[in-house]
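For the sequence shown, our numbering begins at 98 and goes up steadily by one.
In short, the hints are calculated from the structure, not lab data. Take the hints with a grain of salt, since some may be wrong.
Derived pair list, reagent style BS3-like, types lysine-lysine, alpha-carbon separation capped at 27 Å [said to hold, decoys possible]:
#1 Lys240 - Lys277
#2 Lys137 - Lys215
#3 Lys212 - Lys240
Distance windows between CB atoms, simulated [stated by the list, open to error]:
#4 Glu228 - Glu169: 38 to 44 Å
#5 Glu228 - Asn127: 25 to 31 Å
#6 Gly139 - Pro177: 32 to 38 Å
#7 Asn152 - Asn216: 33 to 39 Å
#8 Gly126 - His241: 40 to 46 Å
The beta carbon of each residue, even a glycine, is placed where N, CA and C say it ideally should be.
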Amino acid sequence: MKKIFILFLSIPILFHGQTSFFKSIGGAGNDIGQNVISTKDGGFCIVGATESFGNGLTDLYIIKTDVNGQVEWHRTFGGPNIDFGNDIVETNDSSFIACGYSNSINLDYQIFVVKVDKNGNLIWANRYGDEDWDFSNAIVCSKHDPNHFLIAGESYNNSAGNSDGIILKIDSNGNVIWTKSHGGINKDFFTSIQEGDNG
98 MKKIFILFLS
108 IPILFHGQTS
118 FFKSIGGAGN
128 DIGQNVISTK
138 DGGFCIVGAT
148 ESFGNGLTDL
158 YIIKTDVNGQ
168 VEWHRTFGGP
178 NIDFGNDIVE
188 TNDSSFIACG
198 YSNSINLDYQ
208 IFVVKVDKNG
218 NLIWANRYGD
228 EDWDFSNAIV
238 CSKHDPNHFL
248 IAGESYNNSA
258 GNSDGIILKI
268 DSNGNVIWTK
278 SHGGINKDFF
288 TSIQEGDNG
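Whenever a hint applies, use it, and build me the whole structure from the sequences.
And the structure:
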């Protein structure tokens with residue numbers, strides 16, 4: 098039995114040197130936790146992928162816990178194939194936007210972004226990309242507009258080389274504001290993103 102997220106939510110270790118709790122969350126399949134954030138209510142939100150729940154080979158998986166690591170809700174998102182979550186942010190209205198990738202449509206990997214409300218109810222789910230593969234690895238809220246979000250990842254579309262790093266800017270409704278790619282003749286990709294003070 099593969100348990101997920103060995104939710105060793107030892108975030109307090111970073112600050113106090115003590116483990117507050119240790120949780121194992123998941124089902125009978127392989128379940129993976131990719132990132133965890135502290136939430137405005139003092140709890141935590143985890144994003145990753147699950148084989149134990151949902152409808153596909155893997156589904157993007159979001160879990161919300163309270164301050165003690167007790168699960169308040171968990172949700173799966175995706176289609177019949179592979180859907181995977183890599184990062185998540187909390188918005189100014191306490192919703193959550195998670196990013197990752199999906200090949201549940203036409204078997205081509207696309208950037209997969211999901212927005213849920215504070216109770217885990219789906220607000221929207223969008224896929225971004227062209228004919229070739231696209232992946233997203235990180236998402237941040239814009240410092241200059243809390244309703245804008247920057248997503249970083251990897252694209253094989255229109256690449257100068259094997260793949261290029263890609264940055265996608267969207268609004269709170271999932272509309273694309275702009276997309277930029279960067280790279281040379283070899284493989285390039287972005288695993289994290291941080292917005293500068295000048296935007």
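Right, here's what the structure says about each hint:
1. Between the alpha carbons of Lys240 and Lys277 the distance comes to roughly 19 Å, so the proposed pair stays at or under 27 Å and holds.
2. For the proposed pair Lys137 and Lys215, the alpha carbon gap of about 10 Å is at most 27 Å, so the pair holds.
3. Our distance criterion of 27 Å between C-alpha atoms is met by Lys212 and Lys240, whose separation comes to about 19 Å.
4. Distance hint check: the CB atoms of Glu228 and Glu169 are about 40 Å apart, consistent with the given range 38 to 44 Å.
5. The hinted range of 25 to 31 Å is satisfied by Glu228 and Asn127, whose Cβ atoms lie roughly 30 Å apart.
6. Remark: the range hint 32 to 38 Å for Gly139 to Pro177 is upheld by a beta-carbon distance near 37 Å.
7. Checked against the given bound of 33 to 39 Å, the beta carbons of Asn152 and Asn216, roughly 21 Å apart, lie outside it.
8. Under the hint 40 to 46 Å, the C-beta atoms of Gly126 and His241, about 41 Å apart, fit the expected range.
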